[in-house]
Every structure is written in C-alpha cells, then in structure tokens.
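J.: Sequence:
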Amino acid sequence: MGRSPCCEKAHTNKGAWTKEEDDLLISYIKSHGEGCWRSLPKAAGLLRCGKSCRLRWINYLRPDVKRGNFTEEEDELIIKLHSLLGNKWSLIAGRLPGRTDNEIKNYWNTHIKRKLLSHGLDPQTHRPIITNNHQQQQSLQIAIQKKADSVEDGHSSSGMSTDEETMRCPDLNLDLSISLPRPSSPKMEVIVASSQNICLCCNIGFRSSEGCGSCQIKSINPHVIR
DNA sequence: AAGATGCCCAACCGCACCCAG
DNA sequence: ACTGGGTGCGGTTGGGCATCT
1 MGRSPCCEKA HTNKGAWTKE EDDLLISYIK SHGEGCWRSL PKAAGLLRCG KSCRLRWINY
61 LRPDVKRGNF TEEEDELIIK LHSLLGNKWS LIAGRLPGRT DNEIKNYWNT HIKRKLLSHG
121 LDPQTHRPII TNNHQQQQSL QIAIQKKADS VEDGHSSSGM STDEETMRCP DLNLDLSISL
181 PRPSSPKMEV IVASSQNICL CCNIGFRSSE GCGSCQIKSI NPHVIR
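According to the UniProt record's numbering, the first sequence is numbered sequentially starting from 1.
Just so you know, the hints here were simulated from the structure itself, not pulled from any lab data. Errors might be hidden in some of the hints.
Pairs of lysine to aspartate or glutamate residues, derived as EDC-like cross-links and limited to a Cα-Cα distance of at most 16 Å, are as follows [to be verified]:
hint, residue 1, residue 2
1, Lys80, Asp122
2, Lys30, Asp64
3, Lys42, Asp22
4, Lys113, Glu76
5, Lys113, Asp64
6, Lys88, Asp101
Per label pair, the in silico range of CB-to-CB distance [unchecked claim]:
hint, residue 1, residue 2, range
7, Thr71, Ser31, 20 to 26 Å
8, Lys113, Thr12, 31 to 37 Å
9, Asp23, Ile129, 45 to 51 Å
Backbone N, C-alpha and C fix where the C-beta goes; we use that ideal spot for every residue, glycine too.
Using the sequences and the hints given, assemble the complete structure.
T.: See the structure below:
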C-alpha cells in the first residue's frame, strides 16, 4: 500500500534551481496565478515536483518576500511569538510580513537559539536553564557566553554587549514577563495580555482557533493570515 | 597555501491536515 | 462515515562559503 508519490521522481530535477527554471515558474504564475501545484510543473514546462515549485515560489520567488538581515524588532517579535506558539513557524511567519516560515526557522536555529542560550534561557521553554549542579551550570554559562560573544561580535545590530542588551531588554525572557506560571500541561495556556483578560494570541491578532485553542474570544482582528 | 572545521540557508522528505466525492 | 488526493508544515539534509589551524 502506501501513499502514491507526489510526482514522477524519475523525470524530475532536484537540487538548486536554475535561472531558467525560476523564469519559467515566475512567468507561469504571473499569467495563471498559483493554481494546482501538482499540475503546475507540467503546464509551466518545468521538470520539477509540484511541491518543489511551491516551495521555490513561496520561499524565494514571490515578489513580496523580504530578503536581508532581520531587524532587532523582528528578532524580538520572533522570540515573543515563539514563546507563545512554539515551533509554529508558519504562524510566526504570518506575523512578519515578507518573511517566510523557512527563513524564520533557519534564523531561529542559527541565531536566536544561540542568543537565548547566551542569556541562560532554554530556547524551547524560554525559561532559565537549571542544572542540579551549580558548578556545572556555571561552566555551561561560561561556555555559552564565550560562544555567543564570538557570534554577536559584528552581528548585534545595536552594537551593544550582551550585558548591555540585557539591561536594555530586562524582559527579554518574554514568556516570564507576560505569562502566567506554566502549568504542568504542555498545552498552550491562555496568557493574560492586559487587564481586559484578552488572550495574548488575540492581542497580537490571532483568531480564536489560531495560536491557542483555549481562547474564547471571537475574531478580535479581522486581518488574519492566509 | 591547503586541508579541516563550522556556519548558513535553500531544498527535500515525510507526516498531518483538509476537503471533495 | 469513510477514503484518497492535494496541500501545508516542520524537521532534516547537504552543498557552498567562510574561517580557522
């Protein structure tokens, strides 16, 4: 049994896209729109899998894709959203105009993870890393700090040292500063974003069904992703 | 100068979800 | 209610480039 393959692998190209392939895909989508990805490659004259075309378009060729370095504001927003949503890259990307889930995912894994570690925070939980051995923890912190220093030299857009950044953003551990204590359940909990008892998901624009399932507020912001 | 190592990012893979029939 | 096709998503891989030794 098993699923049928999404395409005839024997007759499809793989690997890096050529300029000619890019041009074919762009011109086809410009004249026909983003239709059925499965049939698009054949119609566009591409020897590619439909999934590959979709990925190339969404992550690279789309005219509204923003290229280049992430700003400090985007950094902070990603951290906030990740603390709220976890690895829901598509939802996070939906809150960062011009950024793709793939780009954010890569950026998270290569930069932000390290940044959080340098602040002694677990990138998954956004909580302080705690070991039962104080000495072990100290050496861990030193090692992380050394690594982070070498990375942040020339990376930090603000040009501040890690300590200075911490001073400037005392609430960098956003989860700690804005959420209620995490209960034992791993399920995302409602976070009181303001005195209005509005879930933070809603506060930043998610509908009740997006981001967290526990929120009862109906469509605060009609401008939702997708 | 050259090989080794590390980093970054585009692209692939496979599973999950959605929805029409 | 069930099934299967199409699409979306998140994790992972691998190639190219930069830096180190």
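J.: Each of the hints needs a verdict: does it hold here or not?
T.: Now for the hints, and whether the structure bears them out:
no. : hint                         : verdict
1   : Lys80 <-> Asp122             : holds, 14 Å
2   : Lys30 <-> Asp64              : holds, 13 Å
3   : Lys42 <-> Asp22              : holds, 14 Å
4   : Lys113 <-> Glu76             : holds, 12 Å
5   : Lys113 <-> Asp64             : violated, 26 Å
6   : Lys88 <-> Asp101             : holds, 9 Å
7   : Thr71 <-> Ser31: 20 to 26 Å  : violated, 35 Å
8   : Lys113 <-> Thr12: 31 to 37 Å : holds, 34 Å
9   : Asp23 <-> Ile129: 45 to 51 Å : holds, 48 Å
Consistency with the previously given hints fails for numbers 5 and 7, ordered from lowest to highest.
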